[in-house]
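If you want the building blocks of each chain, they are given just below.
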Amino acid sequence: MFLNDFPTEILNQIFTHLSFIDLSYCANVCQRWNSIVINYNYLTTFNIEQEMTIPHDEYQNTSSFHRKLIYRPVTSNLFIFVPNLKYLRIIVKKEKEDLKIAKQLLQVQGKTLEKIIVDSPPYSNDEPDERFHDETDLIHDLTDELITPNLRELILNARLPIVSIWNEKSRQIIRKVAIDVGHQSQSNCWSCYYSFGNWLKFFEMCGGMKITDNRADHAPFFSPSEDVQIDSTNVKSFPLVEYLSLRTNIFRNQNGFVDLLLKIFPNIKQFELETWTQEYSSSIDVIVDNLINLEHLKVRIWWCCGRKYKHYSLEQLYINDNIINKIISKLPKLLSIDLEGHLEFSDTCLEILNNNKNLKNIILKHGGIAGHKINDESYTQPIIHFSENALIEFAKSHPLLDQLEINIGQSMVPTIGFLTKFIQHCPKLKILKLYVVENDVSLLVDDKFKTSCPQLETFYVGISKE
Amino acid sequence: MATNVEETYLYSSPTTFKVSSKDGEIFDIDDSFINQSKTIKNMLNVLDIADNHMPIPLQNIKGTMLNAAIVFCKYHKNDLLSIPDDEDEDDFERDAYEPRRSDDISEWDKEFIKQFTVEEGTLFDIIMAANYLDIKALLAVGCKTIANMVRGKNSDQVRQMFNISYDPPGEGLNTPRNSVTSKESGDNQLLTTQEKESRCKTPSPELMYD
Numbered sequence: 001m002f003l004n005d006f007p008t009e010i011l012n013q014i015f016t017h018l019s020f021i022d023l024s025y026c027a028n029v030c031q032r033w034n035s036i037v038i039n040y041n042y043l044t045t046f047n048i049e050q051e052m053t054i055p056h057d058e059y060q061n062t063s064s065f066h067r068k069l070i071y072r073p074v075t076s077n078l079f080i081f082v083p084n085l086k087y088l089r090i091i092v093k094k095e096k097e098d099l100k101i102a103k104q105l106l107q108v109q110g111k112t113l114e115k116i117i118v119d120s121p122p123y124s125n126d127e128p129d130e131r132f133h134d135e136t137d138l139i140h141d142l143t144d145e146l147i148t149p150n151l152r153e154l155i156l157n158a159r160l161p162i163v164s165i166w167n168e169k170s171r172q173i174i175r176k177v178a179i180d181v182g183h184q185s186q187s188n189c190w191s192c193y194y195s196f197g198n199w200l201k202f203f204e205m206c207g208g209m210k211i212t213d214n215r216a217d218h219a220p221f222f223s224p225s226e227d228v229q230i231d232s233t234n235v236k237s238f239p240l241v242e243y244l245s246l247r248t249n250i251f252r253n254q255n256g257f258v259d260l261l262l263k264i265f266p267n268i269k270q271f272e273l274e275t276w277t278q279e280y281s282s283s284i285d286v287i288v289d290n291l292i293n294l295e296h297l298k299v300r301i302w303w304c305c306g307r308k309y310k311h312y313s314l315e316q317l318y319i320n321d322n323i324i325n326k327i328i329s330k331l332p333k334l335l336s337i338d339l340e341g342h343l344e345f346s347d348t349c350l351e352i353l354n355n356n357k358n359l360k361n362i363i364l365k366h367g368g369i370a371g372h373k374i375n376d377e378s379y380t381q382p383i384i385h386f387s388e389n390a391l392i393e394f395a396k397s398h399p400l401l402d403q404l405e406i407n408i409g410q411s412m413v414p415t416i417g418f419l420t421k422f423i424q425h426c427p428k429l430k431i432l433k434l435y436v437v438e439n440d441v442s443l444l445v446d447d448k449f450k451t452s453c454p455q456l457e458t459f460y461v462g463i464s465k466e
Numbered sequence: 001m002a003t004n005v006e007e008t009y010l011y012s013s014p015t016t017f018k019v020s021s022k023d024g025e026i027f028d029i030d031d032s033f034i035n036q037s038k039t040i041k042n043m044l045n046v047l048d049i050a051d052n053h054m055p056i057p058l059q060n061i062k063g064t065m066l067n068a069a070i071v072f073c074k075y076h077k078n079d080l081l082s083i084p085d086d087e088d089e090d091d092f093e094r095d096a097y098e099p100r101r102s103d104d105i106s107e108w109d110k111e112f113i114k115q116f117t118v119e120e121g122t123l124f125d126i127i128m129a130a131n132y133l134d135i136k137a138l139l140a141v142g143c144k145t146i147a148n149m150v151r152g153k154n155s156d157q158v159r160q161m162f163n164i165s166y167d168p169p170g171e172g173l174n175t176p177r178n179s180v181t182s183k184e185s186g187d188n189q190l191l192t193t194q195e196k197e198s199r200c201k202t203p204s205p206e207l208m209y210d
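In the order they appear, the protein sequences are chains A and B. All residue numbers for the first sequence refer to the UniProt record's numbering, where the first residue is 1 and numbers rise by one. All residue numbers for the second sequence refer to the UniProt record's numbering, where the first residue is 1 and numbers rise by one.
Don't take every hint at face value.
Claimed, not checked - Distance condition first, Cα-Cα at most 27 Å in a straight line; then the derived BS3-like pairs of lysine-lysine:
| # | chain 1 | residue 1 | chain 2 | residue 2 |
| --- | --- | --- | --- | --- |
| 1 | A | K111 | B | K77 |
| 2 | A | K103 | B | K153 |
| 3 | B | K153 | A | K86 |
Treat the hints as calculated values from the structure; they're not laboratory data.
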């Protein structure tokens, strides 16, 4: 009896113990092993840190951030070409050694790849500012390797300095972009300054436009129109990008920057924004006035805790009926909405949502006001007054609903009778999470209810801390 | 389906049954084996267990392997029986693949598995037996041992070690780079001669998963 007489599940169990590099050799052993390694997605992610680090006993007990990274030596034949490998995600840190390794892998594997995702691991909060001072753009070196001959889709989920990959070929390939020019921890005035500087750098790299920068050195505050002039008549765009994820504060009051961004990415349909602001409503205005073709919107906002915003009213950060009204009335193509923050809703919110019957995903979660320690208890609880009738009416108006995660507040208790009725109106509902304020409500709905509704894949009723 | 009475009987009383191997050897098995082998447990639930003197035929397993499996189960009888089912972990849409440990084989297990690595081919027999009998712990030890053998080897070494004949995985569009092909085909010369002696058949590629 020989190894290849094993059924696939045993080979699978063996493979689960092997690393990316070992598996890439396995994928070259024979056709059968190749198809198992490829089809069971063993080689979809190459996490450079995980694969290349030699575990260092001395640091085993400290957090991964503090552990000193010692990479095993990179030899020229470390990687082997894997036939039939079409998708690859590389998790790369912005470090020289990482890029050298990524480059080598792409050189060996590039020609079969149709889809590449570049991810970077989250930075630690401990040293948030370090990267803003970094003028070098290491990933620039990767440009040639990333734009491989068969590439159809390139997803860049990495931080700003990576974007200099922009070139003519990449404009025809890149479909999803995530840009982070945000501050890792809570914002402060200096981070705004850095992020403007980074935006300018970003716009410059996108090409075609003339940027005249007359800022005084180290000036923390400046206005894009007076201190920096941008002539965007010849801006080069990325026509294929439909998904854009941003972490920035330009949606607060930098309309010039937003205009420019829309020229660079003219076809955005899915938009995710993480930002800090002192007024929720004005950030939403910028989105709904400019991105009228949106199908998916996700917003996370926290409060700017810089000293100068001390006196701003927290009420301006509430997600209320008015915010929902702006979104629903101005974005008629919306299919998916995902908001989290301090909620203040009445039945009016549900009535507004009824105006868009095509909604498939609705997430309205209470998360308090982020970015600031607020001792006042009134900010930690949502203010929601939904009536049972309005919720049933809401269910009737959304026959296509697939996912619903919503705080229903303190004034109603979801009984089994109510839930049964609700679900009847939404035959496509798969994920249902209803958050309540009171502790003991979850006792009313037990697992039996879930088993009586086979359509539901995920079901939760209870307080928002799951 | 087992009735409650039968189950209580199975789980509580120290009972022995007889099993017979492919080559006709007969072994006594007790709770330690029954509790760890899902296959036997299911069989006993389905079969009429009133007469426990008739050996249960296990047509797929050689006597030596069956004996080894019984020894393994006896040693591990006090292990936590509820080993978590990690079958569900084989999620095809897994986000980031992270290899599972294979350096955690106990000393006793290492010694136990050694007898099969010495004699060529029997490691595969014991794994197949573990798979057939559905003894999770034994299967895990076997698979980890093979994973440890594969680790750090290149494709040629793996092929030679396990007597796998070389059929280039890349046909058509995705043929390996020239340099790789020439390197591999050079070694292929060596393998084709081996192939004549080897009984190893070349399986067809797996079907694509959607």
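Evaluated hints:
1. A:K111 to B:K77: violated (52 Å)
2. A:K103 to B:K153: holds (23 Å)
3. B:K153 to A:K86: holds (24 Å)
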